[in-house]
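**Student:** Start from chain A and add chains B and C according to the hints.
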Amino acid sequence: MLKILIEKELKAIILSPKFSATFSVCAILIVLSVFIGLRDYQAAVAQYETATTLSNQEMREQTSWMSLNTRAYREPDPMQIFVAGVQNDVGRLSSINAFSQIKLENSNYSDEPIFAVFRFIDLTFIVQIVLSLFAILFTYDAINGEREGGTLQLTFANAVPRVQYILAKFIGSWLGLVLPLLIPLLIGLLLLLLFRVPMTGDHWAKLFTLIGASFLYFTFFIALGLLVSALTKRSTTSFMFLLVAWVTLVLIVPRAGVMLAGQITPVPTVAEIDGQREGYAKERWKQHMDALTERWEERNAGLQNLTAEEREAFRDDHSWDWMKEDEEERKLVQRDISEYDRKLNEDLRNRKATQERLGFLLSRFSPASSYQLAAMHLAGTDISIKPEYEDAMRDYRDKFISYREQKQKEEGGGMAGGFRIEFNSDTGMKISGDRDSGAIDVTDVPVFEAPQYRFAAGLLPAMPDFGLLTLYTLLAFAAGFVAFLRYDVR
Amino acid sequence: METTSTNEAVTNHAVNSPSQSRAMLAADNLTKRYEDGVLALDHVTFEVNQGHIYAMLGGNGAGKTTTINLFLNFIEPTEGEARINGIVTHKEPLRAKEKIAFVSENVMLYPNFTALQNLDFFARLGGQTGYSKDDYREVLLRVGLQEEAHNKRLKGFSKGMRQKCGIAIAILKDAPAILLDEPTSGLDPKAGFEFIRLLESLRDEGKAILMSTHDIFRARDIADTIGIMNQGRIVMQSQKSDIAGEDLEKLYMKYMAGYMEQVN
Amino acid sequence: MLKYIIEKELRDMISSTKFVVTFAICAVLILLAFYTGAQNYRVSQSQYQAAKTENLRQLEGLTDWIMVRNFRIFLPPEPLAALVTGISNDIGRSVTVQGRGELATQDSRFSDEPVFAVFRFLDLDFIFQIVLSLFAILFAYDAINGEKERGTLRLTFANAVPRAQYILGKIIGSFLALAVPVLLAILLGCLLLPLLGVHLNGDEWLRLGLMIFAGLLYFGVFLMLAVFISSLTHRTSSSFLLLLVIWIFSVLIIPRTAVLLAGRAVDVPSVDEIASQKNRLRSQLWSEDRKKMSEFKPTQNGDPQTMVSEFNKFMSEAADEREKKMNELASRLNEDRHNKQAVQEKLAFGLARLSPAAAFSMATTNLAGTSMDMKAHFLSEAQAYQKTYAEFMQSKTGMNIGGGAMVFRMRSGDGEEDVEKPIDAKELPEFNYAGLPLDRVVGAALPDLGILALFNLLFFAGAFVAFLRYDLR
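Residue numbers (our numbering), protein chains in the order written: chain A, 1 to 490; chain B, 1 to 264; chain C, 1 to 473.
No lab work stands behind these hints, which were simulated from the structure alone. We treat Cβ as the ideally placed atom computed from N, Cα and C, and that holds for glycine. Where hints are given, some of them may not hold.
[Claimed, not checked] In silico DSS-like cross-links for lysine-lysine, where the CA-CA straight-line distance does not exceed 30 Å: (1) C:K291 x A:K324; (2) A:K233 x B:K99; (3) A:K11 x B:K155; (4) A:K282 x A:K407; (5) A:K409 x C:K340; (6) A:K286 x C:K52; (7) A:K331 x C:K291; (8) B:K250 x A:K11; (9) B:K159 x A:K233; (10) C:K426 x A:K324; (11) A:K286 x C:K396; (12) C:K313 x A:K282; (13) A:K286 x C:K325; (14) A:K409 x A:K324; (15) C:K421 x A:K286; (16) B:K159 x A:K11; (17) C:K426 x C:K325; (18) A:K324 x C:K292; (19) A:K233 x C:K52; (20) A:K282 x C:K52; (21) C:K278 x C:K340; (22) A:K409 x C:K291; (23) A:K407 x C:K278; (24) A:K399 x C:K278.
[Said to hold, decoys possible] Listed next, the stretches of chain C that the computed footprint assigns to chain A, with coverage defined by at least 3 CB atoms under 8 Å from CB atoms of chain A: (25) 121–135; (26) 449–461.
[Unchecked claim] Some chain B residues judged to face chain A by a derived CB distance under 8 Å, without partners named: (27) T31; (28) L72; (29) I100; (30) M108.
So here's chain A without its partners, still in its complex pose (with noise of 0.2 Å):
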C-alpha cells in the first residue's frame, strides 16, 4: 500500500507543469551559483598569489633587517565557493611588524564596493532563500488540495490508513523534489573537478556534509508545507500562510535576533578599544622616554671630570652596552604593550562572544538561521575566522620578529640598515648612515601558515544547528502527523 501511494506521489510531483518549471529554474540556480563561486575562488587565488608573490618581492628588495616587514594574507579556500559566509565582509590582510597591531583589513567589500551592493549568491543562498520557496510550492497543498480536487474522498473511500497515506505523502515529495536537485549538484560538483579546485579529503567531507544539511533544512520545509495543508482546509489559505511562515522565518527572523543581541549587549567598538591602547601605549612610551633621559644624564654624570679625549675613549667602550641596555628596555615596553592589547583584545573578544551566542541563539529561532550559521562552520566561513586568523597571525609575527632581531644579531651590531643621531656637546651633531650592503638574503624567513579548517573541527560547532534543524523537521513532522490522522477528509 505504502509503495502504491509514493508511486503515485512521485508521478503526480514530476506530472505537474510547475515541476519542470521550477526545476529547471532551480537546476540553473545551482549550477550558476557554483559557476559563479568557482569563478570567485579563482580570482581569489589569483588575487592572494599575486599579493603572496609581490610581498615576498618586497621582502627580498629590503636592504636592512631592521626595516624587514611583511604582510600576512587570509587563503582562499575552495569551501568559499559554497558558502561565502563572512569570508568578503573579513579583512584579508594584516601587516606583520613590531610596530602596528594585527588586524584584518583591506576586506574585499570594502576594497571592491561594487561587490557588496547586491552580495554574494552561492550555493547556501539558493538553498536557503529559492530551495525552502520551492519545497513550499510543492507541498502547500499536498493535503488540502487533494481535498479540494475530490481525490481524498475517493482514496479514503478504500481501505488506506492514514498513517501509510501522510507517510507516503512525505516521503513521495521528498524523494520527488529531492532526487531531482541531485542531477544539478552533480553536474557543480563535476564543475569542481573541471577547473580543478583543489579539494582535498576534507573539503570532499565538508562538501558533502553540506549537502546533507541542505537536504536536511530542505526537508523542513517539505514538513512544514505538509502540517500546514493538513491544518486548513483550503489550499489557497495553506499558501497564504506558508508564505507568510516563510517570509519571516527565512528574511526576517535571522535578521531581527541578531539586530536584537546587537542592541541588548553593546559591544565597545574598535576605535573606543584603538583609543584605550594607544593610550596606554603612549604612557608607556613617555615613561620609557623619561627613564631614558635619566640614564643619559647619569652615564654623562660619570663624565664630567674627563678630557674630551678620555670622554670619547668611555665612550667607545660603553656605547655597545648602553645600547644593548637601552634595547632591552625598548623590548620590555613593547612586551607591556602587546600584554596590554592582548588584554584588550580578549575582552572585547569575551563581550563580542556573549553578544554573538545571544543573536546567534535568537536568530535560531528560524531554520534557516541554523542552516546557515551550520554550513558556515563546516566551511570554515563562520565569524570565527577573523579572531582565528588574527591569532594564528599574531604568532607569526611573534615569529617573525625574533626571527628578524636573531638576524639583526647575527649581521653584526643590530644596527645595520639603522641609522644612528648622535648629539654630544664635543662633536656636536652626527649622522652614522646605514652599513647595509645591498640585499638580505630572507631564503629562510618563517612562512605565515594559515589555520587549518579540519573537517571535524567545523563538524562539531554545527552540531548543535544540524540538532535543531532535526528538532524541527521532526517537529513538524510529528506535528503534521498528528493534524492529519485528526483531519476531515470530506
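**Tutor:** For chains B and C alone, coordinates are given in the frame of chain A:
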C-alpha cells in the same frame, strides 16, 4: 426542530424489520449530530441485500450524503452504526472499506494523470493489483469512454467522462457493495441512461448498491427499494413492486408535506 | 463606469482576510525597519561620539604639536544611511590623517563586527525590495484570470463595460488598495523618527520623500507586471508560478549574478598590486634619502636646538620630495584603476538594471547617500581635511611632519623648562563631513527612477494590450 421518537414517522411498506441478518449494507439507528448541534441524521435504519439497489430520495440537506459519509467512515456516528457485510464501519474502517466501492456526485481524479494512470492507481489502492492495461481499457469501454480518451490527461475531461472513470474505478475494485452519491446529477440524458443500464448490470452481478439521488423517475426505474428522506429521517420506504403503479412524484410531495405537517 | 470598477476593486481587496494579514505584516515590518534604523542610528551616533572624544583625549598631556603624528577622523553616521544601509557597513568608517600621503578608509562595521554581516540588516531597502514586491504579486497575480475562473468576468462583460476602462479601473483600484495602506505605515514610521530622537533636516526629508516615491514606483512595477501576466494567462496557478519565477530572478538572482559576472569580466588591478608598487617605490625613495641624510651637515655646530630644527626641516623637505614622486606614481596607478573600475561598474550595473529590484536599490541607496559613491566621497572629504590639517600643523610647528617625515625633538637636560604648557587639542581644525549635496544625490538617482517609471509604463501598456485581446470565456 423537535425530534420525537423516530420510527412512527417511517411508514413501513412491508419491508423486513432490520435485523442482524447478513445484509450487505445495513444502517442501524444511524444518528449523526454535528458539533454545531445540527442533527443531520436521526435514527435511520435500513438494509440493502446483495443484488439489490436502494435509492435514497430527498432534497438538499436531507441527510443522504451524511449517510454515505458514515458508511465510508469519513465521519463517526453519534449513535447507532453502519455495517458493511456485518463489519461495523467505525470500528473496523479499513476492513469495511475493502468491501465497498464509491462513486461521488462529482468524480474528481488527478488532473495530471491520464485516465489509465488514474485507474491503475485507484485499482491498486482498492487491492486489485492483477490488472493489465487491457483490462483497464475493457472496463473503460464498458462504461462508455471512447478509446481515444484513455491516454488523455483528466484535465480536459467533461463531467460525464469523469463520472464514467469513477464508475470504472468502482467496477475495477469489484467490491460486493457500491455507494453512489447522486451519480447522475449533471449528466446529459443519454449518459444518464447508459449509466442506469450499467448499474442494472452491476446489480445483476450481485452487488449491493446504495445510491442517493434527486431524480425521482430514475429512482423508480431502477431501485428495488426507495427510501424518501427528509430532515435526517426516512419518512417513507417502499419496495418497487408496491409503488409500481403510483405517481411517485405525488407520493414524494405527499410524504414531504405530510411530514412537515406532522412536525409542525 | 470607471468609478464603479475602482470602487469594486477596492472593496474586493480590502474585505479579504488575505489583505488584513498581509497588511498587518507589512505594517509591522515597515515600522520595525524604521525602529531598528533609528536605534542603529543612535548606537552609531554614540559610538561616533565616543570614538571622537577618545581620539582627542589621546592628545591630552602632549606639550608640543610636533608630538602629534597623526589624527583620526570618523565618518559621522547619517539617519538616512541607517534606514537604507547600502554599502555603509562595508566601507571603512575612519581615516588616519597624517598631513600628507594617500588616505585609506579603515574599520568597516562588518569587518569589525562580522556578527552583523552574517544576516545583514533589516532596512527599508530590504523590506521594499523583497517583502513588498512579493506582496504586490500575491495580490495581483489573479487580477484578471482569477475573475475568469470565478466566472465574474463573463458576468461583468455581459454589461456594456468598455475593456479599456475595466483594465484601467483594475490597475488603479488595486494600486490604491495596496499602496495607500503601505504609505500609511511608512508615514507612521516617519513620525516615529523624531519620537525616537532622530531629527532630519529639510534636505533629508526631501530625500526620504523621494525614497518613498521610488518605493511606490517599484511597488507599481510588480503590480503592473502581475496584472500583465494575469491577463496573459488563463489559469491563476500558472500566472502565480510564472510571477514567482520572475520575482526570484529579478529580486534575488539578476542583480547578484550581473555584478559578480560582469565585475569579474573586467580585470581591475587589485588593491594589493597597487599597494605593492607603491611600497616598492617608497622603500626605494627612502633608501635614497638615507644616503642624503648621512651627508647632512648642519650649517653651524653649536646649539643643538637649532641643529635639530634644521634637521627637521631637511627631513620635512625630503618627505615633500618623496611625496611628490609617490603622488605621481599613485595618480598614474589610481587613474588606471579608476578607469577600469568605471568600465566595470557600468557593465555590472547596466546588466543588473535589467531587474527593477536593482534599479530600485540603486535609486534608494543613491538617495540615502550609501551608494558606491559613498566611499569616494568620504575619501575626498578626508583628503580636503588633510590639507587643512597640514596647513594647521605647518602654522603650529613650522613644517609638515606627517607621512614618513622624521621628526626629532630635543629634551633639554636641566628640567627647568619642564613646565611646558600642554597643547590645546581643541585648536585642531574639526572634520566637518559634508554629505553628498542634494543635487548630486538626486541627479544620481534620476536615471534609476526613470528606469522604474519605464518599467511601469511598459508593463502597464503590456497589461492594457493583453487585456484588450483577452479571451473572456
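**Student:** Is it true that the CA of A:K282 sits at most 30 Å from the CA of A:K407?
**Tutor:** holds, 29 Å
**Student:** Could you grab the alpha-carbon distance between B:K250 and A:K11 and see if it respects the 30 Å cut-off?
**Tutor:** violated, 52 Å
**Student:** Quick one, are A:K286 and C:K52 close enough, alpha carbons at most 30 Å?
**Tutor:** Holds, at about 23 Å.
**Student:** So if I understand the rule, the pair passes when the alpha-carbon distance is 30 Å or less; does A:K409 with C:K291 pass?
**Tutor:** Judged against 30 Å, a Cα distance of about 23 Å means the pair holds.
**Student:** With the threshold set at 30 Å, check whether the alpha-carbon distance from C:K421 to A:K286 stays at or below it.
**Tutor:** Status holds; Cα separation ~16 Å.
**Student:** Given the hint that A:K324 pairs with C:K292, does the C-alpha gap stay at or below 30 Å?
**Tutor:** Judged against 30 Å, a Cα distance of about 27 Å means the pair holds.
**Student:** Are the Cα atoms of C:K426 and A:K324 separated by 30 Å or less?
**Tutor:** violated, 40 Å
**Student:** Would you check the hint for A:K286 and C:K396, treating anything up to 30 Å between C-alpha atoms as holding?
**Tutor:** holds, 22 Å
**Student:** Tell me if the straight-line CA distance from B:K159 to A:K233 falls inside 30 Å.
**Tutor:** holds, 24 Å
**Student:** Holds or violated: A:K233 and B:K99, Cα atoms, limit 30 Å.
**Tutor:** holds, 29 Å
**Student:** Below or equal to 30 Å on CA atoms is what counts here, so check C:K278 against C:K340.
**Tutor:** Status holds; Cα separation ~19 Å.
**Student:** Answer holds if the nearest beta-carbon of chain A is closer than 8 Å to that of B:M108; otherwise answer violated.
**Tutor:** holds, 3 Å
Consistency note: the structure conflicts with the earlier hints numbered 5, 8, 10, 13, 17, 19, 26, 27.
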